[in-house]
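Visitor: Using the sequences and the hints given, assemble the complete structure.
2 protein chains.
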Amino acid sequence: MTQTPLILVTNDDGISAPGIRNLIAAMNRIGKVVVVAPEGAMSGQGHAITINNTLFLDRVTIDDGPQEEYKTNGTPVDCVKLALDQILPRKPDLLVSGINHGSNSSINIIYSGTMSAAVEGGLEGVPSIGFSLTTYKWDADFSAARHYAELIARKVLAHNGRLEAPFILNVNIPYLPLEEIKGIRIGRQAHARWEEEYDKRINPHGREYFWLTGKFVNLDDGTDTDEYYLSQGYVSVVPVTVDLTDYALMKRLKKWDFEE
Amino acid sequence: MTQTPLILVTNDDGISAPGIRNLIAAMNRIGKVVVVAPEGAMSGQGHAITINNTLFLDRVTIDDGPQEEYKTNGTPVDCVKLALDQILPRKPDLLVSGINHGSNSSINIIYSGTMSAAVEGGLEGVPSIGFSLTTYKWDADFSAARHYAELIARKVLAHNGRLEAPFILNVNIPYLPLEEIKGIRIGRQAHARWEEEYDKRINPHGREYFWLTGKFVNLDDGTDTDEYYLSQGYVSVVPVTVDLTDYALMKRLKKWDFEE
Chain A
1 MTQTPLILVT NDDGISAPGI RNLIAAMNRI GKVVVVAPEG AMSGQGHAIT INNTLFLDRV
61 TIDDGPQEEY KTNGTPVDCV KLALDQILPR KPDLLVSGIN HGSNSSINII YSGTMSAAVE
121 GGLEGVPSIG FSLTTYKWDA DFSAARHYAE LIARKVLAHN GRLEAPFILN VNIPYLPLEE
181 IKGIRIGRQA HARWEEEYDK RINPHGREYF WLTGKFVNLD DGTDTDEYYL SQGYVSVVPV
241 TVDLTDYALM KRLKKWDFEE
Chain B
1 MTQTPLILVT NDDGISAPGI RNLIAAMNRI GKVVVVAPEG AMSGQGHAIT INNTLFLDRV
61 TIDDGPQEEY KTNGTPVDCV KLALDQILPR KPDLLVSGIN HGSNSSINII YSGTMSAAVE
121 GGLEGVPSIG FSLTTYKWDA DFSAARHYAE LIARKVLAHN GRLEAPFILN VNIPYLPLEE
181 IKGIRIGRQA HARWEEEYDK RINPHGREYF WLTGKFVNLD DGTDTDEYYL SQGYVSVVPV
241 TVDLTDYALM KRLKKWDFEE
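Chains as they are written, first to last, in my numbering: chain A, 1 to 260; chain B, 1 to 260.
Among the clues, some could well be false.
All copies of an identical chain are treated as equivalent in the list; a pair is satisfied when it fits inside any one copy or across any two copies.
Unchecked claim - Pairs of lysine-lysine, DSS-like flavour, derived with a Cα cap of 27 Å:
1. 200 x 215
2. 91 x 200
3. 155 x 255
4. 255 x 182
Treat the hints as calculated values from the structure; they're not laboratory data.
Guide: The following block contains the structure:
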């Protein structure tokens, strides 16, 4: 690559979250960075887009830079669309999303705004990586995550021009000191689910309301999954597809007689 | 099946939308129907869940029944979680979502609240079907869609107990008179994308804002895709997976040396 890489940075925890500030710092070491991120928390937004509401986009300065930054009232996917259509002078060489406060391994990818931004980037033909750290602590130590974000971003950029689109990675980093992380492993999404438990309460006006809570249950005993590698102290990298067709089920369904 | 099937109905256009009212009528002919749906429009919500806000759940009566109905301020995925955890006496035999006003074929599945509800049902081990009609007209004629929704729901129920979870179908129905629909075809998700175009305006206070608009572009010339079958006048059925691992890319990535 002869020109400076152009890197789009976004997240779902909001533009002020420590996770994205660390990611910006890491990306500033690699290329020209443009940040387009939600003004507030957008966790659990999945692949939501804003259709029935208007979007604002404001240039902001949050630290000494040198990155260029914008905040929006939209979702992470809106941020990517706005960046590509309204802000960036050309298609970026890389999109990075995160660093998320909390794991997006396994089935969490489906609910994750961080990963949806990466998926949207991939759909647009931009090599895209979502980074997540396996702790919800707001003041977590992001130094190991930042190290691996830089390493993996550099590796993807080194392959630029030779990647088939969509190229999307779901990277989860165990919350461990850098020296305790054993390395990087490429794996598959573990088969797991959330068992939801609602916390039912009564508001001061006597009306019932609910908070969503839940428990993550890993149903997969494979030793090639993101959950497994994280449990063993590795950074897990899962490549992500946008073709949701269940080809095995398709074969079985073709034997059904729908017309009878 | 010896007992009356228990059927959960939801959607993303809101509980009063003609699409869901038609779907409820069709399902009442098959089993005991419980409706849990958003109070208002939730289009484009993807797999969003409500984490940072409280959820309300109200029993409502909208027509003569006999179904049991609840509305929530949550997303389609919230509706499914609330139904399974708080309302239904047992795991339902079937979840149906829709009938959506507008196609959810191809890449639209990623943005669709209708399909996210079906995916959530599938994750919970409930055979789940999302139905969409290929027109955005609010007062569309849903009679053909209703016919096929009933036919496909009955077919899935007939296989109950023999389906591997997750069992999720994305069903799109062409907006044609019943007699012009040629039948049902099982296909794969067409490779397509949205080219977004923002409509930039200035509000009365002088601030720029944006409306998301866009153009759907089918990049797939296969004759085994949902887009193709719809164009030929068939109802398209695409089975949906929740494993987003890109296995082909995984193989290629394993040859990269991340540690160098």
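Visitor: All hints, please: hold or fail.
Guide: Verification of the supplied hints:
1. 200 x 215: This pair counts as within: shortest intra-copy Cα distance 16 Å, inter-copy 43 Å.
2. 91 x 200: Between. Shortest inter-copy distance 20 Å satisfies the 27 Å Cα cut-off; intra-copy 47 Å does not.
3. 155 x 255: Between copies only: 12 Å across, 45 Å inside.
4. 255 x 182: Answer is between: at 18 Å across copies they meet the 27 Å cutoff, but 47 Å inside does not.
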